[in-house]
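Q: Quick note: the sequence shown uses full-length UniProt numbering, first residue 1, plus one each step.
Since the hints were made in silico from the structure, they are not lab data. In this text, all values refer to a predicted model and were calculated from it rather than measured experimentally. Among the hints, erroneous ones may be present.
Said to hold, decoys possible - Across the chosen pairs, the derived CB separations fall in these ranges:
| # | residue 1 | residue 2 | range |
| --- | --- | --- | --- |
| 1 | Ser-150 | Glu-111 | 38 to 48 Å |
| 2 | Ser-160 | Met-97 | 32 to 42 Å |
| 3 | Ile-210 | Pro-31 | 35 to 45 Å |
Ideal placement from N, C-alpha and C gives every residue a C-beta, glycine not left out.
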Amino acid sequence: MSLETKQNKKKTTSLSLKLYFSPGQSQLIGPPQPIVAIVGDDIVLPCHLDPAVDAFDMIVEWTRPDLDHRLVLLWRHGWELEHKNHLSYEGRTSLFMEKLKNGDVSLKLSEVKLSDEGKYRCFIPSLDRESIVELVVGAASSPVIIMHNSSSGVVLECESKGWYPEPELFWLDAEGKLLSAGAPETVRDFFFVYIYDSPALYVAIVFAVIFVFMSILAVLFVLHKRRENKITVGCAFHACLFTALTCSSFSILLFFYLLLLLLLLLFNVFGLPLAFLRFMSQQND
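Generate the whole structure from the sequences, applying the supplied hints.
A: Okay, structure coming up:
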């Protein structure tokens, strides 16, 4: 009698499911909150396709709608066209090439400036998808604590310079609790606090220099004519007329120069320059 042993063999069958998305189903997703940066930082403006699709061979545009020349970065079919970028962004923008195949089209921005603050638009024409990313830029020096004696005891002063926008100062104890302190005092360095690193600053300086230079020339010319002993009696009338016209020109130049300084001072007091420039740019667009 023979015994036959039967072995039961278990067979395992695996079924893998692959999901394919058409590019038209993808959406461009940006951050819900503004990106905050400090002057000099290297930052990333996040933006990605969801569901993820390969964006390496697509056209990706990063723009600033508030600029005359809006293009910040142009990626076209595997190449970044740097020569088409806005001059202020040359050499400071790039994409993550290794992440493009996963739908990540985030913008890397190096050496952030105050003028970089604003809203950025990421747009992919082939998908007709866009996303807006807001960048907020601040500037501040490290706080300096100054200690000095007074009749009532020791006084500690916390000082910070070169900031934008205006910060809030707090004193905290070792446990992180808020300490009572005197009201903060703000000292403004003329108009450089609010329009530092903005186009308005450079334009204002150029106009101010021109006005001052022309005013000085007008004054020197008038003094020269008055001291000149070679003016004959016959042309005295013409000389007086020319001097009067020169003085009038000087007065007009001086008036516009003082008006310019007044506007800059008012802008500084109310903190309006950057907002005013952006508003005018939006109206022009």
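Q: Indicate, hint by hint, whether the structure satisfies it.
A: Going down the list of hints, with the structure as the test:
Checked against the hint of 38 to 48 Å, the pair Ser-150 and Glu-111 passes, with Cβ atoms roughly 43 Å apart. About 39 Å separates the C-beta atoms of Ser-160 and Met-97, a value consistent with the hinted range of 32 to 42 Å. About 44 Å separates the C-beta atoms of Ile-210 and Pro-31, a value consistent with the hinted range of 35 to 45 Å.
Of the numbered hints given earlier, the model fails none.
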